[in-house]
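> What follows is the residue order along each chain.
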Amino acid sequence: MDAVLQALINGIISGTLLAVPALGFSAIFAVLRFPNFAIGALATAGAYCAWVVNVSLGLPIPVAIFAAFVGAGLAGALLEYGALERLGRGGALMKAIGSLAMGMVIENIVRFIFGNDLQAFDLPLARDIVFGPIRVGPQQLNNLVLALVIMAAVWAFLSLTSLGRSMRAVADNPDLARLKGVNPRFIALVTVAIGSGLCGIGGTLIGLDTAIDPLVGGRVLLSVFAAAVLGGLGSIPGAVAGAFLIGIVEEFTVLALSPAYRLAVGFIVILVVLTVRPSGLLGSKAN
Amino acid sequence: MKIDFTRRSFLGTSMLATGTVAMPGILRAQEGPIKLGTLTPLTGSGGAYGPVMAETVKKAAAEINKAGGVLGRELVIISEDDQTNPEAGLRAARKLIDVDKVSAIMGTWASSVTTAVAPVCWQSGVFLTTASGADSITKLPHQGFIIRTQPNTTLQGRKFGEFALELGAKNVAFVSPQTPFTDSQYAELKRAVEAAGGKTSILIYDDKKTTLRTEVDQALRGKPDAIVMGGYTTDTAVLVRDLYRANYKGKLLGFGYAVNKQLVDALPPDVSEGIVTLSPSAAEGTNGYKHVVKLLGIDSPDTYSCQIYDHVNLVSLAMAAGKGTTGAVIKDNVRKIAQGGGEKVDNAVDGLKLVAAGTKIDYDGASGPCDFTDIGDIQDAQFRYEQIKGGKIVLLKIA
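Protein sequences, first through last, are from chains F and G.
Take the first sequence: its position 287, counting from 1, is numbered 287 in my numbering, and each next residue is one higher.
Take the second sequence: its position 377, counting from 1, is numbered 377 in my numbering, and each next residue is one higher.
Honestly, the hints are just simulated from the structure, not real lab data.
Any given hint could be a false lead.
To be verified - With the Cβ distance kept under 10 Å, some of the chain G side facing chain F (calculated, not the full set): (1) 215; (2) 268; (3) 379.
A virtual CB, placed ideally from N, CA and C, is assigned to each residue, including glycine.
Generate the whole structure from the sequences, applying the supplied hints.
Next comes the structure, spelled out in structure tokens:
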């Protein structure tokens with residue numbers, strides 16, 4: 001029983017790490033209608049921006065996280081308007097493949113500048129806090145709180161600001177939004193920047209918990225994609241729910257099967273859920 | 001089409017043909033450079049080692065070329081990146097073989113890459129020299145086209161078991177991602193520990209995960225007093241962090257290629273403190289080793305740089321001894337210059353002069369004696385035992 005409870009807590013914590021980039025991925029999909037696979041590399045780029053600010057400039061972690069948001073956001077917007085938009089005429093598949101290629105380009109630029117070595121943030125590593133049979137790491141709790149705050153901020157932005165409402169309108173029906181005076185191209189730019197920025201924060205949170213290298217974002221790409229698909233591509237609350245579910249299922253797998261299979265089990269869950277509910281858990285509008 | 005065939009042109013052609021046959025062999029061999037490939041991990045998990053390995057070969061080849069080349073021909077080294085990834089390695093190997101027409105590929109590092117690349121090499125008659133340890137590699141039907149300077153993992157697994165016992169452990173857990181050598185390594189570790197009355201357990205994890213908390217919980221359930229970590233640097237860093245967080249106080253053992261300076265830099269000093277490592281040792285103190293120190297201009301070159309230095313020397317000497325440049329010539333002659341007595345040499349430049357003079361040589365290199373079994377395994381190897389102390393890797397012993 002203790003093992004189950006511990007795995008549940010571990011799953012929630014790894015779910016929060018997946019939820020932030022999954023939010024970004026889903027937001028981009030909602031507005032631009034293509035899966036942007038460059039998000040793994042954008043998460044890496046954000047993590048390295050944060051690392052430079054924290055380690056090279058000696059600034060505190062919150063500033064580093066903000067730098068990750070801005071750095072990855074700019075990179076994502078530049079990528080969309082410098083390269084991917086031009087592929088738009090070829091359809092969503094062409095853009096998806098283009099994003100995969102551009103992700104590799106970004107990863108290699110990071111590798112060229114920073115090398116292959118693992119880099120750690122300037123952060124002490126604390127032992128876990130023990131509650132009876134259950135252990136929780138202070139950094140994991142920090143990450144949990146940070147991720148929840150970011151998710152709440154995204155929700156507030158989408159619900160309470162006019163820009164957020166415009167984003168939802170464009171996601172819902174771009175033609176109708178245009179008739180109402182919303183510029184879909186500008187909204188798409190803002191969405192890509194925010195979505196990419198969220199991926200940058202996601203990469204940084206993973207880096208704070210472990211260490212970073214040029215493949216840090218690439219390693220979570222499949223799980224993030226799985227979370228977004230599970231939640232219903234394009235659904236913001238769905239991405240969060242999907243991330244938690246993937247995180248928890250992967251941890252439970254370890255108790256029953258060899259940990260080597262946990263990614264596969266995540267995908268089996270997707271197959272099962274999508275068979276029962278093809279639009280994902282909360283993605284009634286996905287197509 | 002009309003062919004003009006006058007008496008004058010017949011005379012000229014005949015003289016040219018006669019002259020060519022009469023030329024000394026060494027001049028006739030001037031058919032352009034000899035192409036050799038390196039396939040090292042410039043990126044990926046092995047990215048810390050591959051660039052230096054490729055550089056070592058280029059420098060060693062430059063020395064050989066300066067002294068007149070092999071069979072009077074220049075060595076040209078073409079370096080490719082295997083990305084520590086079998087698919088990328090295979091693509092790069094095909095390019096080296098089909099486009100560049102190399103006679104040998106040197107320096108594959110990850111066992112998964114070597115396993116993928118090996119069949120293409122032997123099917124194309126290209127000689128493969130590797131620094132990979134998985135037992136399965138030399139058991140492939142390679143018809144003699146593979147040699148390796150890295151001790152196989154059967155030996156490494158036994159050494160880990162013996163070292164854990166030496167450190168006082170009785171309950172040893174092996175925690176590792178799935179690699180081509182995981183099973184053989186664990187089998188030997190288990191045999192060594194259980195022969196001394198101890199017990200072992202194994203846990204395989206997914207090395208792509210950013211946290212291994214649940215895996216650590218599982219591994220610690222058996223209360224091991226020593227954990228042998230079988231991964232590469234990136235996932236080992238995640239594992240060590242999660243073991244520290246879980247307040248694990250037992251012994252931690254890892255491979256030298258995973259527990260390295262990169263890992264030490266990525267972890268706070270108190271987290272990595274006390275981890276012990278073992279790795280195949282370069283032949284420190286020998287002239288071959290000193291030569292690599294001079295060649296690279298660094299104080300203590302790693303074992304892989306020393307191994308690939310031996311690869312290029314062995315390949316060059318085998319070609320010279322067989323008076324040919326194909327992979328088959330290298331295969332048939334590599335043991336003739338590496339073992340079985342003769343004048344001892346530790347570098348190709350000296351060796352090539354002796355071979356040209358018809359003297360039998362026995363190459364002992366920077367990584368060790370370089371004597372190979374029939375299937376291509378190295379016969380003898382020493383290990384280097386080290387420990388992280390105060391953020392530095394300190395040598396405990398070479399044995």
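> So, for every hint listed, does it hold in this structure?
Hint by hint, here is what the structure shows:
1. Of the supplied interface hints, the one on residue 215 of chain G holds, with its beta-carbon coming within about 5 Å of a beta-carbon of chain F, less than 10 Å.
2. With 10 Å as the threshold, the beta carbon of residue 268 of chain G comes within range of chain F, its nearest partner Cβ sitting at about 5 Å, so the hint holds.
3. A cut of 10 Å between beta carbons decides the hint on residue 379 of chain G: the least distance to chain F is about 33 Å, and the hint is violated.
Of the numbered hints given earlier, the model fails hint 3 alone.
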